[in-house]
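A.B. asks: Listed below are the residues making up each chain.
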Amino acid sequence: MYINHDDSRRYTVGVLVDNEPGVLSRVSGLFSRRGFNIESLTVGTTMDPEISRITIVVKGNDANIEQLVQQLYKLICVQKVQVMQPRNSVERQLLLVKVKAGVTEREGLMRLVDIFKAKVLDVTRTSMTLQITGENDKIASMLSLLEDYGILELVRTGVVALERGDGVMSSDIFD
Amino acid sequence: MRLNGAAILIECLIEQGVGTVFGFPGGAVLPIYDELYKRQDRISHVLTAHEQHAGHAADGYARASGRTGVCIATSGPGATNLVTAIATAYMDSTPVVFITGNVPQSLMGTDSFQEADISGITMPITKHNYMVTKVERLADTLREAFYIAASGRPGPVVVDIPKDVQIAETEYIPASGDALIPKISMKHPMMQLRPEGSALERYKIKAQPRLEKAAQLIAEAHRPLIYCGGGVSLSGAQAELLALAERVDAPVVSTLMGLGAVPAEHNRMLGMLGMHGTHAANIAMQRCDLLIAVGVRFSDRALGKAETFAPDAKVLHIDIDRAEINKNVSTTLHITGDARVVLELLLARVSQKKHEQWMQQARSMAEEYLDDGLFEPRKILKSMAYCAPDITVATDVGQHQMWTAQHFPFSRVRQLISSGGLGTMGFGLGAAMGAAQSDPEGKPVALVTGDGSFRMNLTELSTIVYYNIPVIVVIFNNGTLGMVRQWQTLFFGHRYSQTTLDRGPDFMKLADAYGLKGTRVDSIGDFEAAFAAAYKEGKPCIIECMLDIDEMVAPMVAPGSPIDSFCLN
Chain A
1 MYINHDDSRR
11 YTVGVLVDNE
21 PGVLSRVSGL
31 FSRRGFNIES
41 LTVGTTMDPE
51 ISRITIVVKG
61 NDANIEQLVQ
71 QLYKLICVQK
81 VQVMQPRNSV
91 ERQLLLVKVK
101 AGVTEREGLM
111 RLVDIFKAKV
121 LDVTRTSMTL
131 QITGENDKIA
141 SMLSLLEDYG
151 ILELVRTGVV
161 ALERGDGVMS
171 SDIFD
Chain B
1001 MRLNGAAILI
1011 ECLIEQGVGT
1021 VFGFPGGAVL
1031 PIYDELYKRQ
1041 DRISHVLTAH
1051 EQHAGHAADG
1061 YARASGRTGV
1071 CIATSGPGAT
1081 NLVTAIATAY
1091 MDSTPVVFIT
1101 GNVPQSLMGT
1111 DSFQEADISG
1121 ITMPITKHNY
1131 MVTKVERLAD
1141 TLREAFYIAA
1151 SGRPGPVVVD
1161 IPKDVQIAET
1171 EYIPASGDAL
1181 IPKISMKHPM
1191 MQLRPEGSAL
1201 ERYKIKAQPR
1211 LEKAAQLIAE
1221 AHRPLIYCGG
1231 GVSLSGAQAE
1241 LLALAERVDA
1251 PVVSTLMGLG
1261 AVPAEHNRML
1271 GMLGMHGTHA
1281 ANIAMQRCDL
1291 LIAVGVRFSD
1301 RALGKAETFA
1311 PDAKVLHIDI
1321 DRAEINKNVS
1331 TTLHITGDAR
1341 VVLELLLARV
1351 SQKKHEQWMQ
1361 QARSMAEEYL
1371 DDGLFEPRKI
1381 LKSMAYCAPD
1391 ITVATDVGQH
1401 QMWTAQHFPF
1411 SRVRQLISSG
1421 GLGTMGFGLG
1431 AAMGAAQSDP
1441 EGKPVALVTG
1451 DGSFRMNLTE
1461 LSTIVYYNIP
1471 VIVVIFNNGT
1481 LGMVRQWQTL
1491 FFGHRYSQTT
1501 LDRGPDFMKL
1511 ADAYGLKGTR
1521 VDSIGDFEAA
1531 FAAAYKEGKP
1541 CIIECMLDID
1551 EMVAPMVAPG
1561 SPIDSFCLN
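Line by line, the protein sequences give chains A and B. For the first sequence, the residue numbers in my numbering are 1 to 175. For the second sequence, the residue numbers in my numbering are 1001 to 1569.
Just so you know, these hints were derived from the structure itself, not from any lab. Values in this document were obtained by computation on a predicted structure and should not be read as measured data. You may find that some hints are simply not true.
[Said to hold, decoys possible] Covered stretches of chain B (chain A as the covering partner; in silico rule of three or more C-beta atoms under 8 Å from a C-beta of chain A):
1. 1118 to 1129
2. 1323 to 1333
[To be verified] In silico contact screen, one side only, chain A against chain B (beta carbon under 7 Å); selected entries:
3. Gln71
4. Lys74
5. Ile76
Cβ atoms here follow ideal geometry from the backbone N, Cα and C, with glycine treated the same way.
Please take these sequences and the hints and turn them into a complete structure.
C.D. replies: Below is the structure:
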């Protein structure tokens, strides 16, 4: 009977919303007041200019997530919610990172760029700016290796995700 | 017809059948009040002393009548004064449309005079809210607002209208009937109405497997119990609920919001459950093996300690809001839908059961409770019910509220008007006023309040006197914030920190000042005489009942304790 709120996992949730002012604060406000910790949140328009898609990574358990999905559906601006199964979805994020790099460090860094299929976006006499895309784990291990050189600044987009297969998330779900 | 925004607002209110609005004017709603002035033949406006109580009045109007209440306030402080009223309506699922003015869009975002971001502020306490940026969208936005407020699980909607939108003109196209229903959003779960016709047929097919499982759970149960909440009253499912209780041969317990759905005197009714629930209700909850929960949200005040709540029971949860399912208690089976429709469909699948022993057991607990000793507040409430059994009773929040819930024998839905979820002290007088205004026959409404709560809204005495709104204000004066004092007595070593109200005002002099009749009573005989006279007279008045400062609400379960372990009997 009693709902246990302890065990915690990472969930990726896709949300289709009306592309209107205030929608992002409705969604993020719901998360914070219901006590959900957002690990990452991204938003962008879809093929339909009236619909935006939000991808949220959140920690919780199955009971929390059921509650979260149902609370999201109570927002009038929310059209569709989908909880992605890790095995059944692809996730990416993009990271831009500025690293300390003088003449001696460049070669080592270029090797890392190679291994991680990263890109060099800018080089100065003392720094390099790199772009890395990938899953969380890949980005985390790249970052830990870059720490040896000295990270000056970084910015990340947050996770975006799609389900595998030919199924699509459509806004027409209430039929 | 070419109209300005303010005039379109009035037309849309008329479209919705609104006859009464509550509010308070100000700079950013001047165009609206100008139109109200011109259209006073169609819409009557009740001017309160404070916006908060206008909000509670619109809420009380909606609770008593089932029709959507409307409240108007100006920008900035006018709008922020509504916040408590909006949150109160939200927690108790009341349909209210709040209209606020705002500064012209050219000034918005510049911290201009009386500017506040009311749609931002009210986002977490409304079912939905709008800021209208173009007059062309105004009429449809208002139609949507009314639809959202009253559909699905009802709730408050705020429509913020900047002053320039009130002044701007556009072509107004009148709508009626189906045209009033917004087309696109109809499928949204929060906007679904009770299904009818082909929608009902589709719903039947969808719900069938769950209905069958529910019928099976009921067939297998030996000690079924029905747990009735505010959703029963909102959907008008009281007849179906009672029919199910008879069919299943089950007793019924109720939340504060569900009181009246099954008459208090009915032999299946065990009373309110929870922190101040009856022994019978709480013990039955712990012993039942099937809990049929209808229109409830398993509030902590009803549950006690969630881990030990109804330990032997399978839970069948029926509610229109899917988010209430598995929120506080995980269910064995749920059916999402309008309570009346679901119960009707369920009844068709449930055969007559007999649980003589269980019914006897449950009822015997109820009788034990009824034999408890008598005390003053209980006598006052019984005497009120004796004089006016059908009267609508509004309350404020605190001891008097719990005594009213426990001892006034509510016999119909919408008879008790009380702030259950938010527990808003200061709710009562505005709500009572709104409830009285919603009654075309103008029957008197009783407000049971405490001296603490009443001090938060007594400014509205001028309103009920001016409009001659028949509210009988019954003050339980014990010279303290009684419920807080009770907790200080029980849990804080009798340290009465800031709860003793050994100060004015003299409520009799106050009655004089506001120009209404005041009677102070300290015996049940005097109370009965005063109340009977007031009821007959049908004019606003005050009856002040002098009570002992140490009177407590019993029974009581300490917060976070198992629901059958009473700390006060």
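A.B. asks: Are any of the numbered hints broken by this structure? If so, which, sorted upward?
C.D. replies: No numbers; nothing is violated.
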